[in-house]
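Participant: Listed below, chain by chain, are the residues.
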Amino acid sequence: MNIIACVKQVPDTEAQIKVKADGSGIDEGGIKWVMNPYDEFGVEEALKLKEKLGGDVTIVSIGPARAMETIRTALAMGAEKGVHIDDPALNAADAYATAAALAAAIKGLPYDIIFCGQRAIDDDSAQVGAILAELLGVPQVTFVTKLEIDGTKVKAVRPIEGAQLVIETSLPCVITATKGLNEPRYASLPGIMKAKKKPVDAKNAAALGVSADAKSKVAKMVPPPARPPGKILCADDTPEGKAAELAKLLREEAKVI
Amino acid sequence: MAKGVWIVAELRDGAFRKVTFELASTARKLADQLGEEACAVVCGSGVAGIAGELGKYGIDKVYVADNAAFEPYTTDAHAAAVAKVVKDNDASILLVAASFQGKDLAPRLVGKLATGMASDCTDVKIADGKLLAVRPMYAGKCFGEIVVSATPQIAALRPNVFPIVESAKAGAVETFDPGLGDLKTKVLEVQKEESGKIDVSEANIIVSGGRGMKGPENFAILEELAAVLGAAVGASRAAVDAGWRAQSDQVGQTGKVVSPNLYIACGISGAIQHLAGMSSSKYIVAVNKDPEAPIFQKADYGLVDDLFKVVPALTQECKKLLG
Ligand SMILES: Cc1cc2nc3c(=O)[nH]c(=O)nc-3n(C[C@H](O)[C@H](O)[C@H](O)COP(=O)(O)OP(=O)(O)OC[C@H]3O[C@@H](n4cnc5c(N)ncnc54)[C@H](O)[C@@H]3O)c2cc1C
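Here the protein sequences line up with chains A and B, keeping their order. As numbered in the working numbering, residues 645 to 901 make up the first sequence, in order. As numbered in the working numbering, residues 975 to 1297 make up the second sequence, in order.
A portion of the hints provided could be inaccurate.
To be verified - Under 7 Å between C-beta atoms, here's a sample of chain A residues computed to sit facing chain B: (1) Ile661; (2) Glu672; (3) Lys725; (4) Ala770; (5) Pro803; (6) Glu812; (7) Ser832; (8) Met865; (9) Val866; (10) Ala887; (11) Ala888.
Stated by the list, open to error - A few chain A residues that face chain B, going by a derived Cβ cut-off under 10 Å, partial list only: (12) Lys696; (13) Asp766; (14) Ile775; (15) Leu776; (16) Ile811; (17) Gly824; (18) Asn826; (19) Leu852; (20) Val862; (21) Lys875.
Note that these hints are calculated values from the structure, not bench results. Ideal placement from N, C-alpha and C gives every residue a C-beta, glycine not left out.
Model the full assembly from the supplied sequences, consistent with the hints where possible.
Facilitator: Spelled out as structure tokens, the structure:
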């Protein structure tokens, strides 16, 4: 099995996000960077598949020099090798250009299955996996919570509102991972030592023959709209009094019940 | 030149889903600002009879493809059909639901049509003749204004956020041949959740519980309140990871993003990853015994007390008011 897992380095979920004064982006100062949590599910599933069926796992990532830490983390978890696409033009690319660069890198590799996270938690765009599948001309199953491979047959479970679908498709395909699929492992100390010696190929847009032309752009970033301060309820100071006050406010003031 | 504001109608079991009317109403508004038509693509099985309904929400023209391959939804069949009809008609703007289906379909269309899109939008408007979409980024820690330069300009709209507006228009219905090729995915089975259960992503009211619930059995008090309010029961990751609630109930960054009218958080501290999933709720109520819990900074109404005393009392009060 030739398995690919795409990973992105993103700000830690706890990071405070400050928008630059001119609205051109976020202030990256003081941010702790981590592997996108959904990509962790993808890497874990890739490793489990390799352990079951044999083969190897290649990590592909687009990002500046610091993204190498995330590639090394995935290698320390157990992947064999990496491809690091580092190009200032692509580092700020939109979903289409990102997927096009990933597609170009992956086309040069043997692959049976490709894992992505269902979305990256920075731009939250949830597009790259599906665009990548389209550009490679392979089927996709998104938001996967369970996966079985039998020969070239793929059976995947994905949630929809109020139900789960059991979907059948065939290899090669793109799977986007979501919570529930597995419990990502931690990199072990020997894993971290070994990861330092694993090969990582460097690529840029020219080498991949792709353009970074964006089809969409973030014209401006703004802080979230402020919420008016809330009311703390204290009628009579008894639980019953507060509950009665709340029910009344929900009915008469907010008009939501 | 590309023209017209289009929507992809979303159906389930032969009926339009509520979000379809939200899309239609929004398309009408944008089309009026541009002085153009609002059109809908309906891909379903045996749907010719209901297609005209979209006129009631402002759609001028409904393009219908009727084929058994459309139900249940698969990426291949829908992406092929929608891409064909919007391309043939040179649509300018295409609105899709940011539902599980839309989040699967829309980016595939982005790939097929070599365009761009704004995902999971909470506002859309026309500025300088183009679509300007507003959406939360970084889990709602900031908002981005997105401009798509290619056509169609695609935007996925977060369900429950955009108002449904009835209109006096009568939609004309036209059929089209979806030209379905080789379909590579197939739905083997639809496993429905227990009947009567409301999904958190569709609910107008959510009563959610966290680690403060102390155990799975105590969720019964939330179920009782939810039954009185016609609400869904949600959960924090702590409650899901403890095995108290199903993964499908989890609200937050690694769970579902919800936008109900009312979100009642019981025994939930309000970690940043939880807020990521529910901060676009219209009204937020927090019930927590710790007055310092961060959830109170987001709450419209805060109740500092023991949830095991407050929630049953609230259920009784709501029964009185609504009964
Ligand atoms: C990558 C990542 C992704 C994550 N994704 C999510 C996500 O999608 N959703 C999510 O929810 N979390 C998520 N988390 C976890 C998040 O950081 C918090 O750990 C979690 O939200 C805490 O859940 P909680 O509020 O139920 O529990 P706690 O933080 O333990 O809070 C429990 C609260 O209950 C209150 N309480 C206790 N007893 C009572 C009582 N009798 N009456 C009233 N109040 C009481 C306490 O005062 C406390 O505030 C994620 C974390 C990471 C790192």
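Participant: Next step is simple, just say for each hint if it's right about the structure.
Facilitator: The hints, checked one at a time:
1. Ile661: Nearest chain B Cβ about 4 Å off; hint holds.
2. Glu672: 12 Å, violated
3. Lys725: Violated: closest Cβ of chain B sits about 27 Å from Lys725(A), beyond 7 Å.
4. Ala770: 5 Å, holds
5. Pro803: Hint holds; Pro803(A) Cβ to chain B Cβ min 6 Å, cut 7 Å.
6. Glu812: Given a least distance of 5 Å, the restraint on Glu812(A) holds.
7. Ser832: Given a least distance of 23 Å, the restraint on Ser832(A) is violated.
8. Met865: 5 Å, holds
9. Val866: Hint holds; Val866(A) Cβ to chain B Cβ min 5 Å, cut 7 Å.
10. Ala887: 4 Å, holds
11. Ala888: Cβ of Ala888(A) sits 5 Å from chain B, so the hint holds.
12. Lys696: 21 Å, violated
13. Asp766: 6 Å, holds
14. Ile775: Holds - the Cβ of Ile775(A) comes within 10 Å of chain B, reaching about 4 Å at its closest.
15. Leu776: 8 Å, holds
16. Ile811: Result: holds, 6 Å to nearest chain B Cβ.
17. Gly824: Cβ of Gly824(A) sits 4 Å from chain B, so the hint holds.
18. Asn826: Hint violated; Asn826(A) Cβ to chain B Cβ min 12 Å, cut 10 Å.
19. Leu852: 17 Å, violated
20. Val862: Check passed: Cβ of Val862(A) comes within 4 Å of chain B, closer than 10 Å.
21. Lys875: 6 Å, holds
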